[in-house]
Amino acid sequence: MKRAILLLLALALRGETLFAEAGESPRPAFTILFSAEAHAALLPCDCPLQPLGGVARRATLIKRFRERGPVLLLDAGGWAAGGLYDEESDGDPARDRLRSELMAQCMGLMAYSAVGWGDEEWALELRGEDGNLRDAYGQVLPQRVFTHWPDRDLPAKDLRLTWTPMDAGESRVGLLAVPDNEGRSTGVDFTTLRLLHPPDHDGREPEFALALAPVGEETAERLARESPVRLDLVLSGGRKASTRESWRAGATVIANFEYQVRKLGVAEVYRRPAGGAGGSPWDVRVRFVPLGPEIPDDPEIAALLAPHLETLKRQGKERLTLEFWTMSECPFCEEARADVQQVVEALGARVRFEPHFVVSRAPDGTFRALHGPRELEENKVQALIWKYYPEKFFAWLAWRKDRREAPWEDGARELGILRARIAGALATGEADAILEADRLLALRRQVQGTPTLVLGNRIYEGDLERLKLLSALCGMLREPHPEACAGAPKCFFDAQCRKRGFVGRCLDAGTPAARCDFSQPAVKVGAEVLVEPHALWSNHEAILEILVGYLPGLAWREIDPHTEAGRALVEQYGIERFPAYLLDENASTEERFAANLGQATAKQGERWLVKPQTSGAHRLANRERVRGRADLFVSRFTRNGQEAVDAALALLDELPDKPDLRIHDALYWQEDARPDGGITRQLAARGGRAELEDAALALAVRRLAPEKFRAYLKARGERRASLYWDLALKAVELDPAAVRKLAEGPEEGILREMEASADLLAALEAGGDIVLLGENCEVLPVRSSRDLRYFLERIGRRNAGVKQE
Amino acid sequence: MRNAAWLLALCAASALAQSAEPAPLQATLYLSQDDPRATRAREAVQAAARPFGARIDLVEVGIDDLEGYKRLKAAERDLEIAEPGEVTLTVGRFALTSKGARRDVEDLAEAVFARLLGGDEHKKRRAPDVAAFAQAAFGSKDAQVAQDHQDGADTYYEVRSGGARIGWVVDVYRRLACPVCSDAQFLIAVKNAPLPEIVSVKPVRELERYGKPLDADAERGFLAAFKGRTEKDAQPVDGVSGATKTSRAYMQGAAEALKGVRRGDGK
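Chains as they are written, first to last, in this note's numbering: chain P, 452 to 1256; chain E, 15 to 281.
Just chain P, same shape as in the assembly:
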């Protein structure tokens, strides 16, 4: 009976199955469930639209996975309260301690196999005033890789780490722990890593090696790349720098984390057939399962939390910190400074102001500032003035504003700052230490530009305008509010008033009397979302967030377009792209529908269809999926295009599982009106005729010597758009005359190929320097070489799956 209930519960998971790529593969040898950076988020997130997460749901899901096979449950650190990323802290140490202790107890109940120790955990007061270990921590400490945990500071060279044996079903897993905090690991030479056997080693070697690495994406990837010891999986924690769920570095899979564990990480580990590709006998498939409201709470965890719900509910902060990320010569920072100063001074002791400086390091290790050496020096002076004369910091900025060229000593004299203090601190490198700490913090915070404000550990995305900033800060502070908040509007526009099931309106917007009104219930609108469960990419969750913002009564179900119900909808509503969003007709009765969604939707029969070009629907419904294939269209005459080619070619050498990659020149049809009213079409390229001719040359090379095609693209890229096109041919030992003979004209077959390429690109309705068509049907967003790598790697792995089948 119990099993039947669990099965039903599993089926109730919206759009999810416990088995990845269900029906395609045998059961995994074992499954690794993982979390990181939970930051004592015990309850579902306080997100008005999609409240995901919560330990009670997590526990239920973990139990379901345990029902189906061997599971290792791991956490890569950052589970305790406090620290840089804890948005739930209100600054009350007693409440934070309670949150940490409850999280520890919950993790004990969930029976974590190993628990990482991040910055937040090192800061825990594990012992009570009586000197004994607090009861709550006794439950997770045995799970911590305690005996084999390395020192917090690793040696830069000759790195020795002891592995911890764990049994996952019939497989022996070796677990490594890397110390927390990328700052500590930045200088470590992972090429010197050697594994030590644990003292109680039973002689069995680990078959599968995995590392807990709460060190940020880049360092986790460096560990994977540089380690001479084969690592099959690295669980990255600490800091996220991208939205990737997982990616490869050589034969190692690196898995990211989901902030506050709003989704549970799942790595299913399959044995590859003997002789399989990739240098690893394991195929690791990573995905994240959302912890949504359809997953019931685990009763044991719910009972543990019940007495504390009132305390755990999010509340305002007694005091909060405002980080002001700046560069001393950034003109917008100076503009923002006046408003920030006013607000900070008005809120007094309730807000602590902290300036931070955005700097980088040059390859030789020296600091660099965006606006040059003068800015770097001034950043250092300002950092020291903040350290030693915080009360004079704003006065310093005001002094410096009109005296960019003046020596800092003049300002020190004028403002009564002791010259010896600043000069001594500059000479002894104190400023460098502050800037380095800021550099690392900026990485962790993902500060991309200046000025950036971080309020209470969260990047402020509102306008840098006095009233709006004051309003944001007052909204975060606990009652009673400082006097200055009396004049702060609670909202400026309707979008700031969001509540599921109700229409939010900002009344008296932007005035001291402004308030959110939720008196009007939202129209209940049904919707179907056609989305492929195993697409290479999908943005439908983000689009649904937006739709729910405008239609707070929206209730949707996701439908696979390849099911019978899905096919019927595709046919009935003429759907051309997925994800597709079909809203019930009554959606238009919702308040301000025409203004909010009128332009973005079109009436199809009795439903409203969100226009695919508005939602970024990228999967072409009429194209067959060809698993493992990738078509890359590039304008090789542009820098971006050639870099994409170079990156793709390098990946083909590097990836253990290679996609079936086809590189095309991005060609277009240029249409001109004729005097007789007709249309003349001719092939064109972004780089003009020269690029068009270069495309013909490349096709000629592929025709004459397909084995040299990649080498030719590389050689040609080294002299991008050069008039001396023959040099690249000679470099790969091809006869320029023979190639030219085919390309000039061009030869009929080559012309047909060029036209077909232009037709395809036109059919995709895509343009730009780089277009990636995934598996013949998905136009994938490629904004960086990292994106390109991510998609080619995914497609490559699916290609390997196809070959195995």
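Please keep in mind that the hints were generated in silico from the structure rather than gathered at the bench.
Don't take every hint at face value.
[Claimed, not checked] Simulated DEER-style distance windows between Cβ atoms:
#, chain 1, residue 1, chain 2, residue 2, range
1, E, 174, P, 759, 35 to 41 angstroms
2, E, 73, P, 592, 46 to 52 angstroms
3, P, 884, E, 216, 42 to 48 angstroms
4, E, 97, P, 618, 51 to 57 angstroms
5, P, 849, E, 64, 40 to 46 angstroms
[Unchecked claim] Dumping the calculated PhoX-like pairs for lysine-lysine here, alpha-carbon to alpha-carbon at most 25 angstroms:
#, chain 1, residue 1, chain 2, residue 2
6, E, 87, P, 838
7, P, 1159, P, 1181
8, E, 273, E, 216
9, E, 155, P, 843
10, P, 950, P, 919
11, E, 87, E, 113
12, E, 155, E, 87
13, P, 843, E, 113
14, P, 1165, P, 1181
15, E, 259, E, 138
16, P, 1165, P, 1192
17, E, 259, E, 113
18, P, 838, E, 84
19, E, 113, P, 838
20, E, 259, P, 838
21, E, 241, E, 205
22, E, 138, E, 226
23, E, 137, E, 259
All of these numbers come straight from a predicted model, not from anything done at the bench.
Think of the CB as a built atom: it goes at the ideal place given N, C-alpha and C, for glycine as much as any other residue.
Let chain P serve as the given structure and place chain E on it in line with the hints.
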């Protein structure tokens, strides 16, 4: 043989006599010649040290050159100076700084020297007049006090009037790990219902900053903040600047007294 033993005993006694002479107290004054207040600071410290003669070894370090600044930084690190200043005086393991309008070096050097060279009188517990405090705090001339129980260093007294319990007085004592600070000792009156609530707090040992009594306004403001607090909000009281350890001892002591009273109440 006997002579040799006698000689050894004589040598040992002589060595003992020599070691009984205390080493002078090391004091270092760090300042910059650019600081317009350097001369005044130097004169104040020298004047404060003068009465102690050779018992204080006062050295001056200029911080305008790199070597001097490095020595200052080393001292700041070593002594964990939380509020670096423009003028710094280190005395053994203790430090004072002056910056802007805050002139602790000039104002407190004399008191600190006296405290560090004056024995440990400021570290002893005193016998308070609990009954007088209880009568004043509860406004009841016939209030009677009786020792009820001891919890660590704190002594709990039950206060009765007209045959009924009207509250508690706790004699709170906290030893402070700070050589110049006097220990914290105070009486706290707590009334019973509905929750234990602080009625009054009175220092037994004077509230002070580095050996100098706190001015009356600051003391009144600090003590008044405890009035009406319950266990739930006993901690967040604004501390006295320059008397952090004492302030913290008062806050913790008050919180624990409220808890202890509750336990006692249940008997």
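Hints, one by one, checked against the model:
no.: 1; hint: E:174 <-> P:759: 35 to 41 angstroms; result: holds, 39 angstroms
no.: 2; hint: E:73 <-> P:592: 46 to 52 angstroms; result: holds, 49 angstroms
no.: 3; hint: P:884 <-> E:216: 42 to 48 angstroms; result: holds, 46 angstroms
no.: 4; hint: E:97 <-> P:618: 51 to 57 angstroms; result: holds, 55 angstroms
no.: 5; hint: P:849 <-> E:64: 40 to 46 angstroms; result: holds, 44 angstroms
no.: 6; hint: E:87 <-> P:838; result: holds, 14 angstroms
no.: 7; hint: P:1159 <-> P:1181; result: holds, 11 angstroms
no.: 8; hint: E:273 <-> E:216; result: holds, 19 angstroms
no.: 9; hint: E:155 <-> P:843; result: violated, 54 angstroms
no.: 10; hint: P:950 <-> P:919; result: holds, 21 angstroms
no.: 11; hint: E:87 <-> E:113; result: holds, 16 angstroms
no.: 12; hint: E:155 <-> E:87; result: violated, 58 angstroms
no.: 13; hint: P:843 <-> E:113; result: holds, 12 angstroms
no.: 14; hint: P:1165 <-> P:1181; result: holds, 13 angstroms
no.: 15; hint: E:259 <-> E:138; result: holds, 17 angstroms
no.: 16; hint: P:1165 <-> P:1192; result: holds, 22 angstroms
no.: 17; hint: E:259 <-> E:113; result: holds, 21 angstroms
no.: 18; hint: P:838 <-> E:84; result: holds, 17 angstroms
no.: 19; hint: E:113 <-> P:838; result: holds, 13 angstroms
no.: 20; hint: E:259 <-> P:838; result: holds, 23 angstroms
no.: 21; hint: E:241 <-> E:205; result: holds, 11 angstroms
no.: 22; hint: E:138 <-> E:226; result: holds, 17 angstroms
no.: 23; hint: E:137 <-> E:259; result: holds, 14 angstroms
The structure is inconsistent with the numbered hints 9 and 12, although it conforms to all the rest.
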